[in-house]
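Visitor: What follows is each chain in one-letter form.
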Amino acid sequence: MDKRIDENTVKRLLGPAEPELLCDECFEKLDEYVELELAGAPADDRIPGMRPHLEGCPTCQEDYESLRELVRGDRR
Amino acid sequence: MSPSTASSARASEPGSAQADSREWLNGLRATGPERDAAVGRLHELLLRAARFEVSRRRAALAHVRGEELGDLALQAADDALVAVLAKLDDYRGASRFTTWAYKFALLEAGVRLRRRAWQEREVVLEPDAWPQETDVGGSPQSQAEVGELMEALKGSIASCLTEHQREVLVALALNGVPIDVFAERLNTTRGALYKTLHDARRKLRSDLAKRGFTLDSV
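Protein chains in written order, with my numbering: chain E, 1 to 76; chain C, 1001 to 1218.
Worth flagging that the hints you see were computed from the coordinates, not collected in a lab.
Note that this is a predicted model, so its numbers are computed, not measured.
Don't be surprised by glycine CBs; every beta carbon is placed ideally from N, CA and C.
One thing to keep in mind: the hints can contain errors.
As the list claims (entries may be wrong) - Keeping only pairs whose Cα atoms sit at most 27 angstroms apart, straight-line, the calculated DSSO-like set for lysine-lysine is:
1) C/1195 with C/1154
2) E/11 with C/1087
3) C/1203 with E/11
Said to hold, decoys possible - Covered stretches of chain E, as calculated for chain C (at least 3 residues, CB under 8 angstroms):
4) 13 to 23
5) 27 to 38
6) 55 to 63
Claimed, not checked - Partial selection, computed: residues in chain C whose CB lies under 8 angstroms from chain E:
7) 1049
8) 1056
9) 1059
10) 1064
11) 1106
12) 1125
13) 1169
14) 1190
15) 1198
16) 1201
17) 1205
18) 1213
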């Protein structure tokens, strides 16, 4: 493990400051969020709490990135 | 599916995408050969998604044989198929059907691949390797501020959290253990574990604020 303190260490420990969805809610709305984003719609306004959760949960962030890339690839 | 329950993304969805989603649902709700064909197409779709996930994580799994990764993708697609069929009535039309289905395959594949990557790794629960050196890349003053906050944070972790909350925080947020890997080892769910992490973080923020720390930028 990197034994140096940086701001990211503090951020990881404290998590997002804003209200966030939890993992189950994130999974439920992930497909809608990704499509809103790819359509250029204000996804964060339509699904509040998703962005903070993705910042606070690396595993959901990975799932989100995979879904976004897969769907984006389909539409090319 | 009631139009009133369909939400925002659908409004901007082209008509052909909606028709495609309806076709998927009709096929999967049919009987006989029509359903069998739709289920077969769905499995192909899910397998493609699972293989996509394997390819994204290949670098982290360089030590795993390709055949094993192929098996993992197939198992993920099989389980995703069962999940999608069981939850078909939960599909609200908020996205294309294929996008909705993809997430089940990506979840199943992601869980398997993270567990495989951590198969021989120990999960460290104790903060015996707390960061020691400050590296914020800024002025000595900002380094001192982060160092001071980190010291206070250690104190809050020790005094405010339950033993379970401390273990979860250290494993997930400090030692980078994937949440589904840790959930499996504790015989709990990802959702329950994240709730524990979330509650622990709220407690820490509250305690630090009481002690006069301004956390606006964190």
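Visitor: With reference to the structure, classify each hint as holding or not holding.
Guide: To see whether the hints hold, each was checked on the structure:
1. C/1195 with C/1154: Distance ~21 angstroms between residue 1195 of chain C and residue 1154 of chain C Cα, so the pair holds.
2. E/11 with C/1087: Status violated; Cα separation ~36 angstroms.
3. C/1203 with E/11: 14 angstroms, holds
4. 13 to 23: Three-residue rule met by the stretch 13 to 23 of chain E, so holds; n is 7.
5. 27 to 38: holds (count 8)
6. 55 to 63: Three-residue rule met by the stretch 55 to 63 of chain E, so holds; n is 6.
7. 1049: 6 angstroms, holds
8. 1056: 6 angstroms, holds
9. 1059: 13 angstroms, violated
10. 1064: 18 angstroms, violated
11. 1106: 5 angstroms, holds
12. 1125: 14 angstroms, violated
13. 1169: Where the cut-off is 8 angstroms and the nearest Cβ of chain E is about 7 angstroms from residue 1169 of chain C, the hint holds.
14. 1190: 5 angstroms, holds
15. 1198: 7 angstroms, holds
16. 1201: 4 angstroms, holds
17. 1205: 6 angstroms, holds
18. 1213: 10 angstroms, violated
Comparing the model with each numbered hint stated earlier shows that hints 2, 9, 10, 12 and 18 do not hold.
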